[in-house]
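Student: These are the residues of each chain, in order.
2 protein chains.
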Amino acid sequence: MAPSRAIFATARTALRNTYPTTIPAQRRCISAFGYEQAKCLAIDKLGEPKDVLRLHGHSISPPHGDLLTVKFLASPINPADVNQIQGVYPTKPAFTTNLGSSEPIAVCGNEGVAEVIAKGGGVKGIERGDWVIMKKQGFGTWRTHAQTTADNLTVIKNKDGLKPEQVGTVSVNPMTAYRMLKDFVQLKPGEWFIQNGANSGVGRAAIQLAKLWGYKSINIIRERESGTQEMKDELKKLGADVVVTDKEVESRGFRDQVKEFTDGGREPIRLALNCVGGSIVNAMAKHLASGAHVVTYGAMSKQPVSLPTGLLIFKDLHFDGYWVSKWSNQNPAAKEACVSEVLDLTREGKFADIPMDPVKWEHNTKQDELVHAVQGTLEGYRSGKGIFVFQNT
Amino acid sequence: MAPSRAIFATARTALRNTYPTTIPAQRRCISAFGYEQAKCLAIDKLGEPKDVLRLHGHSISPPHGDLLTVKFLASPINPADVNQIQGVYPTKPAFTTNLGSSEPIAVCGNEGVAEVIAKGGGVKGIERGDWVIMKKQGFGTWRTHAQTTADNLTVIKNKDGLKPEQVGTVSVNPMTAYRMLKDFVQLKPGEWFIQNGANSGVGRAAIQLAKLWGYKSINIIRERESGTQEMKDELKKLGADVVVTDKEVESRGFRDQVKEFTDGGREPIRLALNCVGGSIVNAMAKHLASGAHVVTYGAMSKQPVSLPTGLLIFKDLHFDGYWVSKWSNQNPAAKEACVSEVLDLTREGKFADIPMDPVKWEHNTKQDELVHAVQGTLEGYRSGKGIFVFQNT
Chain C
1 MAPSRAIFAT ARTALRNTYP TTIPAQRRCI SAFGYEQAKC LAIDKLGEPK DVLRLHGHSI
61 SPPHGDLLTV KFLASPINPA DVNQIQGVYP TKPAFTTNLG SSEPIAVCGN EGVAEVIAKG
121 GGVKGIERGD WVIMKKQGFG TWRTHAQTTA DNLTVIKNKD GLKPEQVGTV SVNPMTAYRM
181 LKDFVQLKPG EWFIQNGANS GVGRAAIQLA KLWGYKSINI IRERESGTQE MKDELKKLGA
241 DVVVTDKEVE SRGFRDQVKE FTDGGREPIR LALNCVGGSI VNAMAKHLAS GAHVVTYGAM
301 SKQPVSLPTG LLIFKDLHFD GYWVSKWSNQ NPAAKEACVS EVLDLTREGK FADIPMDPVK
361 WEHNTKQDEL VHAVQGTLEG YRSGKGIFVF QNT
Chain R
1 MAPSRAIFAT ARTALRNTYP TTIPAQRRCI SAFGYEQAKC LAIDKLGEPK DVLRLHGHSI
61 SPPHGDLLTV KFLASPINPA DVNQIQGVYP TKPAFTTNLG SSEPIAVCGN EGVAEVIAKG
121 GGVKGIERGD WVIMKKQGFG TWRTHAQTTA DNLTVIKNKD GLKPEQVGTV SVNPMTAYRM
181 LKDFVQLKPG EWFIQNGANS GVGRAAIQLA KLWGYKSINI IRERESGTQE MKDELKKLGA
241 DVVVTDKEVE SRGFRDQVKE FTDGGREPIR LALNCVGGSI VNAMAKHLAS GAHVVTYGAM
301 SKQPVSLPTG LLIFKDLHFD GYWVSKWSNQ NPAAKEACVS EVLDLTREGK FADIPMDPVK
361 WEHNTKQDEL VHAVQGTLEG YRSGKGIFVF QNT
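First to last, the sequence lines map onto chains C and R. Here the first sequence stands for residues 1 to 393, where the numbers follow UniProt numbering. Here the second sequence stands for residues 1 to 393, where the numbers follow UniProt numbering.
I should point out that these hints are in silico values taken from the structure, not numbers from a laboratory. Check the hints yourself; a few may be wrong.
What the hints assert, rightly or not - From the derived model, a few chain R residues whose C-beta atoms are all more than 10 angstroms from chain C:
(1) 138
(2) 310
(3) 311
(4) 320
Unchecked claim - To spell it out: a stretch of chain C is covered by chain R in this simulated footprint if at least three of its residues, at any positions, have a beta carbon under 8 angstroms from a beta carbon of chain R; those stretches are:
(5) 287-298
(6) 311-324
To be verified - Under the rule of at most 20 angstroms between Cα atoms (straight-line distance), these lysine-lysine pairs were calculated in the PhoX-like manner:
(7) R:315 - C:326
(8) C:50 - C:92
(9) C:360 - C:50
(10) C:302 - R:350
(11) R:247 - R:286
(12) C:315 - R:286
(13) R:350 - R:237
(14) C:182 - C:350
(15) R:326 - C:286
(16) R:302 - C:315
(17) R:247 - R:236
(18) R:350 - R:163
(19) C:286 - R:302
(20) R:157 - R:136
(21) C:71 - C:366
(22) C:136 - C:366
(23) C:135 - C:92
(24) R:302 - C:92
(25) R:247 - R:50
(26) C:315 - R:157
(27) C:71 - C:360
(28) C:211 - C:237
(29) C:286 - C:211
(30) R:315 - C:136
(31) R:315 - R:286
(32) R:157 - R:247
(33) R:163 - R:286
(34) C:302 - R:315
(35) C:315 - R:360
(36) C:92 - C:45
(37) R:360 - C:326
(38) C:182 - C:71
(39) C:124 - C:157
It should be emphasised that the depicted structure is a prediction, and the values quoted were computed from it without experimental measurement. Note that beta-carbon positions come from the ideal geometry of N, C-alpha and C, so glycine has one too.
Model the full assembly from the supplied sequences, consistent with the hints where possible.
Tutor: Here it is in C-alpha cells:
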C-alpha cells in the first residue's frame, strides 16, 4: 500500500467515527456503516500464492446511487482460485487501482457469501441484512468488504437455517455435480454412473444428488496407506452404492465386479465423471456402454486423457468437459434456480456439507496466516476444504 | 476345399449345362442362370491376409422362394476389411459351412455392388438386372456370386450413367464424410471445418460435399519427399480451400495463417475430422472455436488421441467418433437416401471418384493374385483404392 493511501485510510477511519453524528440527515443511509476499513488478499502479479499474495487495506466510502456495500461472511479457497493466482487458469483476475494501491492489484477468490450492510438510494430489490453470492466469477471474494452494484450479486431468498459456510460453497462444487449429472446424458432413476475423485467436493455432491434423484453410483477413490476403508464407509453413508479404489478398478477382477453390480451387465453405465485424468479414465471407459459420455471437470493427476481410437469410433464414447464458471456466466437464471434447490436440500438436512477446514479471518489476522491457508490448499495438507470465515471484521 | 465338395461342384457344373433343357417348365425362373460356379475369398481363421485368405469354389443352386442370386460387379478392399481379417476389428466375419467347406469359413469384404441374375418366385420389388448394394456390413463381398434374401440388399434405383466402381464404393467413404459433416455440428454455408488425412477417400469426399454445401475446408496432408505440391493442387481442384502439410500445421506460423484464412479469427472453426490420431489432433484442436467437435473415424498413425484437460474443460471441445457400419445398420432409410444423393451427384459429374487401382477378377484369376491385392492395401503400396472388378466370372 502506498504511504499516501495509508494516511488517507486513517483520515477516513477518523471520519467514520464522527460521521453519523455530524451529518444526521444522512444517518439512515449511512448509519453506523459509514466508511468501512476493508482488507483484501490481493496480488499485483501472477505467481505462487506465498510469493505474490499480500493483505491490502483500504477504505470504502458510504454507498450512494446504485452502489451497495457488503461485508463478507465466508469465502472458500478453491483449487481454481489458486490456479488463477499462478496464472495457469484461462481467465485472469481483474487488476485495478480503484482500491487505492499505487500499482494495479487484483483481489483473489471467486466464491463466497456476503451480507449487505449499506446501500445507496437507487438500489431496488435488495435490502440491508440480505445475504448475497456472486453472479459471476472474478468478483474477488477474499476480502472483508466490497462495494459493488446489484447486478453483480444474487440474493439468497431464504437464508433461514443456513450457515455462511454452506451458502458460501454452493456455487461451485454442488453446481458442477448437478449440471454434470443432468446436462450430458438423460439418466433415468435406477441408472448407474461412475466417477473418480469421489471424495472431492464435487464427488460428494454428486453422490448425494444422485441418491436423491434415484441414480446409482460407482465411486473411485485413491488407494491410501491408511484410512481407505474409513473413506469408503464415509462415502457410503453419504449415499454411494459402490466405492472402490483406483487399484481395484485397474485390477483384473473389476470387470466381474461391475457385471455383478449391473445385473450381469444388463444395466448400462452411460455416464462417467472425471477429475483425475491419466490411465484411470481408460480403466473407467472400458466399463461404459456404447454411446456413453465421459465428462471431465478436473485433472488432479496432471495427466492428459489419452483415448484409444477404438473407444471413440467403435464404442461411440463422447468426451466432453464441464466448466462451472462459464456455465454460470451463460446461465444466470438456471444457476439461481440450482443454488436455491441445493440450499433447500441443505436446509432440510438432505445435503451434507463437505468436510471444511475453516480459517478464521478477523480484523487483526495477520497476512502470513491467510497466505499460509491458501498455500496449504495448493499443497493439499488441509483436512478439508479451506474456507475463510470472517469474524469481527 | 474338401475333396467331396470338389466332386459335388463338378457334378453341379455338369447339371447346370443341362438344366434348362431338361426341366423346361422352370426355364423362366432358372433360364441360363441355373447352378452357378461361384468363387470367394474366404478365411477359416483370423490372421494376416497373406496367411489365411483362400480362394474357395462352390456351387449355387437356382434360387427358389424368397431367395435370389447375385453376381458381383465391383467390391473394394477397405482398410476395415483387412482389420477384420486380422481380428483387430470389433465385428468378426460370420463363419459358416453353408458354402460346402468341411470347416466353417467366412467370406471377406463388406462393401460392393452386384447384379441380380436370378430370383425365386416369392421375391417382390427386385428384378433381374437390378444393381444392389449390401444393406449391412458382414455380407462378404469378395466373391463372384452369392445367394441371399432381398432384406439384405438395397436396390440402386437409377444406375444410368454409373460405373460399378462408383456404386460399389458409395456406402463407406462418401457416407462417412457426409454424416460427419452433417451430424455433429450444424454448419452454415460459409463456415469452416478442418480435417487431417485429407487425401484419403473420406477426405476427398468431405472436400467435395463441403464445396457443394458451401462449407470451407482446411485440409491437412502428410508432408512427403516428393509430390506434396501436386497433391495440394489435386485437392484444390476437388474444391479444397486450403491445403497444408502436417509439418506446416505444427509450425509456429500456422496460427497467423489460420487467422488470415478466417478473417482475423472472426470465422470460428467448429468442426474437425480426424483419421490420423497422435499429436496432429492437438495441433488441430488449438485452432478450434470454443464448443467445437472433433470427430474421429480412423487412426492411421496408430497413436491415441491425447487430450490436455484444458481443451475439454476450458475450451469445451467435444471428442466423438463415427463408425459408418454401425450408423448404416441403425439408419437403413437414411443410408439409402444418402447413397441416392451421392450417386445423383456422381451422375451429374459433381462428385469425382477417388483414385482407384482396379484388380481384375476373372473366372480363372489365381488365388495368389487376389491375396496379393489385399495384402497390398494393407501395406499401402497401391496407387489408389484397391477394388476387385469382376469380369467373365
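Student: Look at each hint and say if it fits the structure.
Tutor: Structure-based check of each hint:
1. 138: Non-interface label stands for residue 138 (chain R): nearest chain C Cβ at 14 angstroms, farther than 10 angstroms.
2. 310: Residue 310 (chain R) is in fact no farther than 10 angstroms from some Cβ atom of chain C, at 7 angstroms.
3. 311: violated, 8 angstroms
4. 320: violated, 5 angstroms
5. 287-298: holds (count 3)
6. 311-324: holds (count 13)
7. R:315 - C:326: Status holds; Cα separation ~10 angstroms.
8. C:50 - C:92: Distance of about 18 angstroms is within 20 angstroms: holds.
9. C:360 - C:50: Roughly 18 angstroms between the alpha carbons, so the hint for residue 360 (chain C) and residue 50 (chain C) holds.
10. C:302 - R:350: violated, 49 angstroms
11. R:247 - R:286: Answer holds: residue 247 (chain R) to residue 286 (chain R) is near 15 angstroms, not above 20 angstroms.
12. C:315 - R:286: violated, 25 angstroms
13. R:350 - R:237: Holds, at roughly 12 angstroms.
14. C:182 - C:350: holds, 19 angstroms
15. R:326 - C:286: holds, 19 angstroms
16. R:302 - C:315: OK: residue 302 (chain R) and residue 315 (chain C) at ~17 angstroms, within 20 angstroms.
17. R:247 - R:236: Distance of about 19 angstroms is within 20 angstroms: holds.
18. R:350 - R:163: holds, 15 angstroms
19. C:286 - R:302: With a Cα-Cα distance of about 19 angstroms, the restraint between residue 286 (chain C) and residue 302 (chain R) holds, given a limit of 20 angstroms.
20. R:157 - R:136: holds, 18 angstroms
21. C:71 - C:366: holds, 19 angstroms
22. C:136 - C:366: Status violated; Cα separation ~29 angstroms.
23. C:135 - C:92: holds, 17 angstroms
24. R:302 - C:92: Roughly 38 angstroms between the alpha carbons, so the hint for residue 302 (chain R) and residue 92 (chain C) is violated.
25. R:247 - R:50: Between residue 247 (chain R) and residue 50 (chain R) the Cα gap is close to 35 angstroms, so the pair fails against 20 angstroms, i.e. violated.
26. C:315 - R:157: violated, 33 angstroms
27. C:71 - C:360: holds, 15 angstroms
28. C:211 - C:237: The hint holds at about 11 angstroms.
29. C:286 - C:211: violated, 24 angstroms
30. R:315 - C:136: holds, 18 angstroms
31. R:315 - R:286: holds, 9 angstroms
32. R:157 - R:247: Judged against 20 angstroms, a Cα distance of about 45 angstroms means the pair is violated.
33. R:163 - R:286: violated, 42 angstroms
34. C:302 - R:315: With a Cα-Cα distance of about 17 angstroms, the restraint between residue 302 (chain C) and residue 315 (chain R) holds, given a limit of 20 angstroms.
35. C:315 - R:360: Not OK: residue 315 (chain C) and residue 360 (chain R) at ~36 angstroms, beyond 20 angstroms, violated.
36. C:92 - C:45: holds, 11 angstroms
37. R:360 - C:326: violated, 59 angstroms
38. C:182 - C:71: violated, 34 angstroms
39. C:124 - C:157: holds, 15 angstroms
In this structure, the hints that do not hold are numbers 2, 3, 4, 10, 12, 22, 24, 25, 26, 29, 32, 33, 35, 37, 38, in rising order.
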